Every structure is written in C-alpha cells, then in structure tokens.
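Chemist: Listed below, chain by chain, are the residues.
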Amino acid sequence: MGAIYRREVGAFFTSSIAYIFLAVFWIFLGYFFYATSLVAATTDMSGMFQSMFLICVILIPVLTMRLFSEEKKQKTEQGLLTAPVSLGEIVFGKYFAAVTLYTIALSMVFVYAVIMSGFGQVEWGIVFSNFLALLLLGMAFISVGVFLSALNENQIAAFILTFIALMALYMIDVIKNLVKVEWLADLLGVLSFYNKYYAITCGLFNVSTVVFYLSVAFVFNYLTIRIFERRRWS
Amino acid sequence: MIEVRNLTKHYGDKHAVNDISFTVEDGEILGFLGPNGAGKSTTMNMLTGYISSTSGQALINGVDILENPIQAKSYIGYLPELPPLYLDMTVKGYLNYIYDLKKCKLPRKAHLNEVMALCKVLDVKERIIKNLSKGYKQRVGLAQALIGNPPVLILDEPTVGLDPKQILEIRTLIKKLGKNHTVILSSHILSEIQAVCDRIIIINHGQIAAHDTTDNLSKNVSTDHRVIARIAGPREEIVKKLRNITGIKYCRADMEREEGVYEYELEAKAGQDIRYELFEILRENNWPLLSLKSAEMTLEDVFLKITMGEGLVIEQPAEQNDSDGAAADAQTADETEEKKEEEA
Chain A
1 MGAIYRREVG AFFTSSIAYI FLAVFWIFLG YFFYATSLVA ATTDMSGMFQ
51 SMFLICVILI PVLTMRLFSE EKKQKTEQGL LTAPVSLGEI VFGKYFAAVT
101 LYTIALSMVF VYAVIMSGFG QVEWGIVFSN FLALLLLGMA FISVGVFLSA
151 LNENQIAAFI LTFIALMALY MIDVIKNLVK VEWLADLLGV LSFYNKYYAI
201 TCGLFNVSTV VFYLSVAFVF NYLTIRIFER RRWS
Chain B
235 MIEVRNLTKH YGDKHAVNDI SFTVEDGEIL GFLGPNGAGK STTMNMLTGY
285 ISSTSGQALI NGVDILENPI QAKSYIGYLP ELPPLYLDMT VKGYLNYIYD
335 LKKCKLPRKA HLNEVMALCK VLDVKERIIK NLSKGYKQRV GLAQALIGNP
385 PVLILDEPTV GLDPKQILEI RTLIKKLGKN HTVILSSHIL SEIQAVCDRI
435 IIINHGQIAA HDTTDNLSKN VSTDHRVIAR IAGPREEIVK KLRNITGIKY
485 CRADMEREEG VYEYELEAKA GQDIRYELFE ILRENNWPLL SLKSAEMTLE
535 DVFLKITMGE GLVIEQPAEQ NDSDGAAADA QTADETEEKK EEEA
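Here the protein sequences line up with chains A and B, keeping their order. Going left to right, the first sequence walks through residues 1 to 234 as the working numbering numbers them. Going left to right, the second sequence walks through residues 235 to 578 as the working numbering numbers them.
One thing to keep in mind: the hints can contain errors.
Stated by the list, open to error - Here are the simulated SDA-like pairs of lysine to any residue, each with C-alpha atoms no more than 25 angstroms apart in a straight line:
1) A:Lys75 - B:Gly246
2) A:Lys75 - B:Asn365
3) B:Lys337 - A:Arg6
4) B:Lys413 - B:Leu356
5) A:Lys73 - B:Glu315
6) A:Lys176 - A:Phe205
7) B:Lys337 - A:Ala11
8) B:Lys368 - A:Thr76
9) A:Lys75 - A:Leu161
10) B:Lys326 - A:Gly2
By construction, these hints were calculated from the structure, which means they are not laboratory data. The structure presented is a predicted model; accordingly, all values stated were derived computationally and were not measured.
Please build the complete structure, drawing on both the sequences and the hints.
Modeler: Following this line, the structure appears as structure tokens:
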C-alpha cells in the first residue's frame, strides 16, 4: 500500500491537480473566513465551516477524478493488477493519498484559529471538532469519488458523475423538506449528509455521526474493490 | 515452472481462449505464436492474474493464480502488450516505485542499477518517461518486469517498436535470461520466435493449432523433392521435356520472371532427388539454368497454413515462395499476414 500511496501523492504534485485544488480550496476558505469571522469580528468560525460543505462538493471530484480513470486510460492498471498486491492495498493506497491532500488543505483552519487567538479567546475544542467533521465528510465524499473514478475511463466523466453524486447527497435535505410521506422523509433524514455535518458545526458533536461518515467511506471503498473483482471475473 | 490445464476464457458467446493446456519447464523459453486476436494476450493475461479464466487452471511454480494470487504474482515478471508506464515519472522514479510495489527485498540501489544496465536504460534514468522514444519505453517496460528477479517472465511482444539493432539486443537478453528463468514470449514475428524459443505453441482462434519444439516444426516442413527452377528457353517445350523426368509428379510454369525466362515448379515423389536429371535435360537442350532452389516451406508457410485453417498439408506447393525464399524475414511475415487477414 505504501508504494501506491507515495506514488499517488507524488502524482498529485507532478500534475497540476494538487496546486489547483489547494489554491481554490484556500481561496474559498479564506473568503469565508473573512466574510464570517473577520468582518463579524468574532472568533466563532462555524459560519466558515458551514459554507465549506458546498465547496467540498465541487472540489473533491477534482481530487478523485483521475485516480483510477487515468490508470485505465494509460493501461497502467494492468501493471497494478498483476503486481503482488491485494486489491484492498490498491484502493486504500489511492484513497488515503487523496485524503492526505484533502487534510493538507483542511489544516489551514488551524492557521486561521491561531490568527484569531491573537484577537480573542478561541474555543479550541470547537475548532477541532469542526475540523474533524469536515475531515470525516471529506473522507466519505472521497470514497464516492474513488468509486466513480473506477467506473470511468474518462476523468472528465468521472468528475461530472462525482459532482452530480455529491450534489445529490447535498440535496437530500432539500428533497426531505419537499417530501410529504412521513417515513420517506424520516429515511432521507437518516441518510442526510448535511444535517449531521451542520449539527457538529453548531457544537453538537455526536459519535453516531462519526460512525456514519466512516461507514460510508468503508462501503464505497469496498464497492470499488468489488468492481475490480467483478471486472476480473467478467 | 508454469503449468496450464484446460484454460478457457469466454466473453459471452465468444470463446477467446478454448481449452489450452501446456507446461513450461524451468529454464525453458516458450514462444506463443499467432495472428492478432488469436488469444495470445488473453492467455497471458490469465496466467498473470489480470483476468480470470472461465474454467481451467494455471499454476505458477505450483501456486494457483486464482487461489493464491498474491503469491503467484510475486513469481512473475510481466511485460504487457502496452508497457504499464506512468508517463509523468522519471525512469528511476518509476523503477523505484515498482521496486516498492513488488515489495522487493534485494539491495535497492545495486539491484536497480543492475536491471537498468541489463535493459540499457541507465543513460536515460533521470528523464521523464513521457519524453522517451518507443524503444526506450519498451525497454523500461522490460526493466519493470525484471525487478525483483522473478523466476517466471511473461513477455507480450517484447520487441515491438524497437529498431533492428535493439531487437537483436533484446533477443540476446531474453536468451540470456532464459538460462535461469522460465520465459513465455509472444510474438507474431516468426524469425523472432525461431531465434529465441526452445518450443513453439501456435495459437489460432483461441486454440492450440500446433505445439512442438522449434527444430521439429522446422524439420516437419522441409522437403528435398520439390524444387523451383528458373530457366531461360521456350516455355512449352521445357515443360514438355521436364515432364519426362522419372518419378515426377507435376511440373508447371510459373510467371515470367525476366524476358523469356520462366520459373518452373517441379515436384517428384518424396525422397527422390530430381536435380541431376533436371540438369541433364537442360544441358542436352542448351537451356541455361539461372537459378535452382528447394521449394521447402519456411516456418512462415507453416504458420500461415495452420492459422488459415488448412492444417499441415505439405503436398501443395507454398504460394508465397516466389521471392527470396527460405529466409524467414520478419518484414515479409508481417506483410503476408496482413494480406491474408485482409483477404479473410
């Protein structure tokens, strides 16, 4: 797994993807930090965290789009699948490479927190739980992106599909509010990614939320492994 | 050692590979020969665990590739048809990655240098793979297969895209590797297989059409009782006279090669040498003999016959034997094969 992980992190930086991702992520993070914390003169950064949900929906597909699609296109997949490594190592190697880059992007919030601490009392517990929530959300989103990248040979197609999928996850709450059938609305409430995330940004840290996001990540990585198994046997 | 038992691969109704069985001993070089789409690559992909077989079994050093894939794969160095190169890495970076990927235990620097020297890519080791020529890319692909010094090498058309000098070098290298590795090599170039391999399997339509040692396959097809003579003189009369040779089965004039010079195909009973009598007749009539060659079938003809579905029939004269004859030239092999494919 180490070899694949290291190569993939390296590939993010030799291609322009890492720079584009980090730059755009930090532009938005900086803007929301300015608009919700600096302008309002508060050390509460929950406004910034709430806004980042949508930014993740747009930017995470950029991170994951080429992970498997490019392997397939360049035929390097064959080398990977005939190497003495398990499918799990391949999928998780790539997955954690994307998670690493995402974590680097996210860590900027601590820089902001340090800046804020110069002006007032920063609630480090809240900053940290918010960071964790955004990290877990990203981990779930990245697993969806990895899954869809494995299904496509074209990275643009992978990007668009991942974007649509993540947007659909974002929209669950909107749909829930429109649905009149009670049990369906309840089900959508359980599946909602946003209300769980929103609850944490409001200070309601919940272990079940952690379990939920990690389960999603696990399920989609597992499905990715299954795709490769299926493809081998087809 | 590689053991293949009744290996079969279906894609829906299409039988890509159908019931193939063979074994390759340690230190043996086996050649896979067949036209494009015959099932060479599919077989290799099954042996290396890239795709599964529909039924049958492939054992690498006694380990089943489907039951214990990771262990079996660790015995194999595989060069696919398209080398799996990451174009944005340097040669050295890429080979380092492969070293890690294969969880290689050999001393890193020494081993990588040895492999790079063997494949002659040391002078480009700092360059980005994207910018390398096809020949260099192919050699980096070969280097990738050699990392970790696996006992089994599976090489899918290893000399594609190389220039003649490089082809010779790679062949020599494969022969050298064959001394202490088990090698399977695929190609549609006959001379290559003939030069490198101990045994040949000819695959056509997903089935083994012929399986024998290189020597035997070549021997099978040589004939001393069929000759092609180029003679200057009156055509009709020559044919008439030549038909009087004792034991002759047939004689026919081919096309006009030079002005007033025709080529004649002569076939006698097996084991009968007609060259002396032929010479006598020509001498009596003062017809100059411009060339005389044995109409033996080359491996190329055998290959074409087998893959065209005609089976091994040596009675009929080979059709392509008009030009330079016996030498199995890679160029002609390609051309004739393409021609045949078009016709089919």
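Chemist: Would you pick out the hints that fail for this structure and give their numbers low to high?
Modeler: none
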